[in-house]
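Generate coordinates for the entire structure from the input sequences, incorporating the hints supplied.
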Amino acid sequence: MDELLREFLTETNESLDVADVELVKFEQEPNNAAILNNIFRLVHTIKGTCGFIGLPRLAKLAHAAETLMDKFREGVPVTPAAVSLVLKTIDRIKDILAKLEENGGQEPEGSDADLIELLEKMAAGETVSEEVVEEAEVTVGTIVDQVLERPLMPGEIPLDELERIFRETEVENPAAKGKTKAKKAPAKAKEKASSSEEKPSPAAAPAKKEEPETKAPVAKAPETPAKKPVEDQPAANNSSSVSSQSIRVNLDALEHLMTMVSELVLTRNQLMEIARRQEDSDFKVSLQRLSTVTAELQEGVMRTRMQPIGHAWQKLPRIVRDLAQDLGKQIELEMVGADTELDRQVLDLIKDPLTHMVRNSADHGLETTEERRLAGKPEKGLVRLSAFHEGGHIIIEISDDGRGLNTDRIREKALENRLATEAELAKMSDAQIHRFIFHAGFSTAEKVTSVSGRGVGMDVVRSNIEIIGGNVDVRSTQGKGSTFVIKIPLTLAIVPALIVEVAGERFAVPQLAVVELVRIQPDSEHKIERLKDAPVLRLRDKLLPIVHLGALLGSVKDELADQESGFIAVMQVGNQIFGVIVDAVFHTEEIVVKPMSSMLRHIGMFSGSTILGDGRVIMIVDPNGVAQQAASSIEQTIATATADAQEQEESNDAVSMLVFRAGGREPKAVPLSLVTRLEEFETEKVEWAGGQPILNYRGALIPLVYVNHEVEQRTTGTQPMLVFSDDGNTMGLVVDEIVDIVQEPLNIELPSETPGLLGSAVLGGKATDIVDISHFLEIAFRDAPEQAERKGKKLLFVGGNVFYRNMVEPILRSAGYRVSLASSAEDALAQITEGHRFDLVVTDLDTPAMDPAAFAAAIRGQAEMQHVPLMALGSAKSRVRPGEENLIGFDRITTKIDRSELIAAIKQCAPIYGEAA
Amino acid sequence: MSQHNVHDVRTSAANQYVTVRIGGQRFGLPIAAVHEVFVPEQVTRVPLAPKEVEGVLNLRGRIVTTIDLRQLLGFPPSDAKEKMAVGIEYKSESFGLIIDEVGEVMHLEEALEPCPPNLDPRWAEIVKGVYHVSGELMLILDVEAALARVTVALAA
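Chains as they are written, first to last, in full-length UniProt numbering: chain W, 1 to 917; chain Y, 1 to 156.
Read the hints as simulated data drawn from the structure, not as lab findings. Wrong hints could be hidden among the right ones.
Said to hold, decoys possible - No more than 30 Å apart at the CA atoms, straight line, and that leaves these computed lysine-lysine pairs for DSSO-like: (1) W:Lys99 with W:Lys380; (2) W:Lys99 with Y:Lys83; (3) W:Lys542 with W:Lys380; (4) W:Lys685 with W:Lys766; (5) W:Lys542 with W:Lys284; (6) Y:Lys81 with Y:Lys51; (7) W:Lys594 with W:Lys542; (8) W:Lys351 with W:Lys99; (9) W:Lys351 with Y:Lys91; (10) Y:Lys51 with W:Lys685; (11) W:Lys594 with Y:Lys83; (12) W:Lys121 with W:Lys94.
Set out below in structure tokens:
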């Protein structure tokens, strides 16, 4: 195929892609003359070039389309049908071009009479109306008279007319393409005159910022509007912008250059290593220079590989438009940040996943027009695509304002596909459940229908993205829409990495995944603790699960056997944050990622290998692989922990208890779920009011209560406190030291007579006093509870578990209810028969020997209790779960784990200060 | 050349072999498969890798995966300090086959004999045939089959 034809093919294909985008835009804004002129110009260019190269079939087709476009320009109203026709024509042109490429330059046989006829009919069917005259921009440049060397075709426009249009159309960067063209073929300039200046860049939008052209193009056909100022920066809102000054470079050449730069980086690293070992080396200075130049070269070459992400988006408006027509929906596609650049290798790899996701959003995410109207949403659905840089990553978000993910259906499917057990699902948040759509096999059988939940091929999308070291997540609100967030690295070839050592072996950890490094030492504030058997790191009041890299790699047998010193690399993959223990951390190094041998590729823990400065090969740890391993190993520990717990206890759930020391030797504990926050306060800031210590805490004064008089009242430094708060009442319980968090089944073995203590239990093998929070709340707010009791509604809490009863009571009381307790169904019914009246009955479903349905019926049997709201608290073990209220005749079932959820549910059932009080 | 020798397909042209020793046994590698012979240095162990994979090393800027032929053939690990490696290419990747020592290059005119039927099946899979050379048996290794075995073991 000759050079000219090849160039024609590339450029025309590009132009057509732009025309696609422009046409869709035009359909929405039929009065935008600038867009129209752009399209017209594109089509005309194609026609002109075709005629020049000798492709009559294409030329005829393009001509027919051009004629129709010209009618639009003259003011004929634009109909969707007409636009569809033009789009169809463009598709046909693309087909012909594809075959042309296959055949090595031969136009395929066939006729386009059908389309041409339609186009002509459409063009002729309308009366010619007033010409559209738009504001002409003053252009500097000389116009040379042009002579066309062939007769005009029917409907064709004379050249000077065209020239006028071109000058009047605001063009972003006419010089760029003109330059390349002109430079290549100055000899052809004359013949090509008409096509040359008609070959503008496919850029479309009006120039926003104008800068004087500094790098003057060399040879140029005089009629190109070259002296017109050229915009350097593509306009931000212009999705179809291309770089203004460009030359075409063979991709292989660029790839080769990149490989060579990679080698250079490696060699530089090696030299640096040698120089490091030699003091006072003469090389030092020149080596430094070499190093800088290499870095710059590397950056430069990287930049040549960068392309705006808009390239991957180009086809989307068309796809969305076609989808909208097929599905009978109204869809608006909004694209933000199209000029965000990323490595072309990465770009290629995300193109398909992106298209797939946009399709998904339009198809499954958005409701039909009818459904939207019913839901009170604007009829036109929105699919929004945005891209921006964040750190060394690029973030791409695909969001829609559609129906959102159907959590229940996903839950069902997850269950069906055995991805999780019912118990596991019950504990998961919606966000966690949504993530199942990325699971392999989740998408299968489900056929694409308008009612199906999303999840067609999302696992493929995920794996494609993960291959390039990225990750994808979803946020969704039912009825409001979903947002998919893709995070990918800017480049794959050279990455900064942290060199770490585990069991005497070195590994590279990509720095992008490492959030921070924590040093662990026996005496330092950071040490590894254990939650049951799972090791955790307490970092700024957050507990992070921890894995040992050596254990994951099988190099260390005894996991964390008294690991007292070392480093923890805190890593983030997606939403998962975890710590990875390594023995030592050396330095960071720019590493060149080399693919692994096929024999090693199955090891999920590595993403590649690289050669270090000292010439040794080391493996690159794959953060995704570690995250997966970490997740499963953590799950395993939790699973065994809960399994153990379930074996041990009969009626008690394992409870997270916060263990602290407050006076005396024996530890004390409170359920962690009651604690709002753990704080260290500065003792100097404690003030006294009415004989009570108070503290200005987050802008409000809160009372401080010392657990007992043995608690040290420090006067300098800081002291830990547990913050309890509910409904605006906040208090600080001052302790000596926070010891640990343990998760164990709780059996209060020795009830206590001491006020403030519920009793003693064995936690972590030690006798521990369990603190009664309600006692301290009363001390802190001496008046408040009474007040509440005067006004509050009466609530009966029925629960067989002493501990849980005692735990819930203060919560309910502090929320403003008057609480009565009953230990069994009989007890509760007895209280009711005695004449006590309640506004709400809350029942613990795990109360032994209670049939909730019978209990509900018995209460309803009492004349005055017929309409009392009945609420049940269930756990994962309960036979009925939220949503199954009807089975047992309750008004509401909620889980008992979360305090705030519990309060919210109760308040919904019985507002505190209701008229009935 | 005997007609009934079905194993003798490819070796008739230039029957040149690089002889190597592994665990006392003499093996021959088709010279066309061998790119280079080198002393493996600074081999990095790869955790979780198949047991036949000794590790990876840097050979003049290329990353070479080394395969322990002793392990592959079921010999006990060697305690010799000096090892040798034969560099080969397989599916456009570089591999180094770790052996005990490298001998001369042999040009053999006579036909390759099929493996004795009582050969350990693990060996028979990766041995193309046998030569009698100066009163000793030399097994001709099928390099591709040997490497394929490591890969197949993964899939299983």
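Of all the hints numbered above, which does this structure not satisfy? Sort the numbers upward. Numbers 1, 2, 3, 4, 5, 7 and 10, in rising order.
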